[in-house]
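Asker: Protein sequence lines correspond, in order, to chains A and B. Taken in order, the first sequence gives residues 1 to 199; the numbers are from this note's numbering. Taken in order, the second sequence gives residues 1 to 199; the numbers are from this note's numbering.
There could be a bad hint or two in this list.
Computed beta-carbon distance windows for the label pairs [stated by the list, open to error]:
no.: 1; chain 1: A; residue 1: 148; chain 2: B; residue 2: 194; range: 54 to 60 Å
no.: 2; chain 1: A; residue 1: 195; chain 2: B; residue 2: 39; range: 45 to 51 Å
no.: 3; chain 1: B; residue 1: 183; chain 2: A; residue 2: 187; range: 23 to 29 Å
Bear in mind the hints are in silico, worked out from the structure with no lab data behind them. Please read all numbers here as calculations on a predicted model, not as lab measurements. Even glycine gets a Cβ: it sits at the ideal position worked out from N, Cα and C.
2 protein chains.
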Amino acid sequence: MQYFPAALQELADQFARLPGIGGKTAQRLAFHVLGLPMSEAEAFANAIIEAKNTVHTCPVCQNLTDREICHICNDDMRDRSLICVVAEPKDVISMERAREFSGVYHVLHGVISPLNHVYQDDIRIKELLQRVAQGTVREVIMATNPDTEGEATAMYISRLLRPMEVKVTRLAYGVPVGSQLEYADEITLSRALEGRQEI
Amino acid sequence: MQYFPAALQELADQFARLPGIGGKTAQRLAFHVLGLPMSEAEAFANAIIEAKNTVHTCPVCQNLTDREICHICNDDMRDRSLICVVAEPKDVISMERAREFSGVYHVLHGVISPLNHVYQDDIRIKELLQRVAQGTVREVIMATNPDTEGEATAMYISRLLRPMEVKVTRLAYGVPVGSQLEYADEITLSRALEGRQEI
Chain A
1 MQYFPAALQE LADQFARLPG IGGKTAQRLA FHVLGLPMSE AEAFANAIIE
51 AKNTVHTCPV CQNLTDREIC HICNDDMRDR SLICVVAEPK DVISMERARE
101 FSGVYHVLHG VISPLNHVYQ DDIRIKELLQ RVAQGTVREV IMATNPDTEG
151 EATAMYISRL LRPMEVKVTR LAYGVPVGSQ LEYADEITLS RALEGRQEI
Chain B
1 MQYFPAALQE LADQFARLPG IGGKTAQRLA FHVLGLPMSE AEAFANAIIE
51 AKNTVHTCPV CQNLTDREIC HICNDDMRDR SLICVVAEPK DVISMERARE
101 FSGVYHVLHG VISPLNHVYQ DDIRIKELLQ RVAQGTVREV IMATNPDTEG
151 EATAMYISRL LRPMEVKVTR LAYGVPVGSQ LEYADEITLS RALEGRQEI
């Protein structure tokens with residue numbers, strides 16, 4: 001027996017396909033959209049189509065952009081001999097917030113994760129190797145997440161880069177600024193000790 | 001400084017307007033939609049417009065439907081002299097699942113809740129009074145939620161119905177079937193005692 005009107009059920013099904021949205025939440029969202037004025041519902045639908053139509057990856061760094069080449073790759077003030085490799089577009093934003101990095105980026109769009117069926121050819125490693133092969137890159141900073149998969153991906157890529165005569169570095173491990181030693185885990189603390197620097 | 005392409009930001013903003021979706025989740029959903037094939041993104045956008053275009057409230061019971069009159073109001077097997085008043089369309093589905101009720105429904109689309117700026121004229125009480133005023137209704141069952149606002153709404157409506165010579169009833173309170181007394185709260189238990197029946 002069908003309980004909801006078909007179009008409402010279809011909308012709820014669409015919401016339920018989104019990551020982290022369960023059946024009940026999807027239903028609630030569908031009801032919410034149904035309660036919106038037509039103009040707002042249209043704005044929502046248009047935003048989906050617009051994003052799909054105008055946003056694509058930068059052919060240089062693979063970051064998302066709506067221009068031919070993204071604004072960072074296009075910026076003449078940036079040091080193009082220094083590439084920071086991150087897993088996701090949102091990581092570029094985090095790095096930019098630090099206002100410390102003056103080089104350019106390379107976005108992998110994922111990390112190697114065999115458990116989730118993501119292998120080396122599924123992320124944009126090939127494009128990175130091509131950039132480095134051009135010979136103008138001085139240093140590649142691996143800035144994938146400091147978790148198991150991020151580490152493994154950084155290791156894998158750095159091994160591929162080794163024969164290319166480019167300096168490969170990794171973000172420093174240590175205790176977060178403003179945190180308390182009491183709450184730092186053992187591995188972080190031991191890494192912070194290993195990486196201690198003279199003051 | 002703008003970090004994301006405008007169209008992506010706009011899509012994330014649209015998601016963030018949905019109830020219960022925060023900024024980070026909205027961003028994640030926007031990225032997900034961006035990763036969909038164009039055909040699936042279009043299906044999502046169309047589902048929004050389709051739902052808005054085809055789903056409306058039944059002129060009789062105010063439930064959501066895509067027909068002129070909803071399938072329950074249209075069903076000749078249903079007892080139209082018995083109206084079950086619920087707060088939301090999803091409550092109709094819960095009642096139907098019980099397969100016990102053979103009457104028709106009236107959906108209020110909310111409950112009176114001054115704290116949330118929902119007053120008696122904001123929900124479909126007027127339409128219920130009009131139905132009852134036609135004189136063919138024998139009994140009105142108040143099936144709003146057994147919480148403060150549901151109670152208050154049921155009380156308010158039953159007071160309006162009193163002069164109309166119609167029987168007004170409320171769903172029974174008591175311990176849920178299959179539950180354990182140990183976990184029942186005191187108010188539920190005392191209501192279950194009050195409403196005890198001979199076996």
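Asker: If a hint holds in the structure, say so; if it doesn't, say that too.
Answerer: Results for each hint:
no. : hint                      : in the structure
1   : A:148 x B:194: 54 to 60 Å : holds (58 Å)
2   : A:195 x B:39: 45 to 51 Å  : holds (49 Å)
3   : B:183 x A:187: 23 to 29 Å : violated (41 Å)
The structure shown violates just one earlier hint, number 3.
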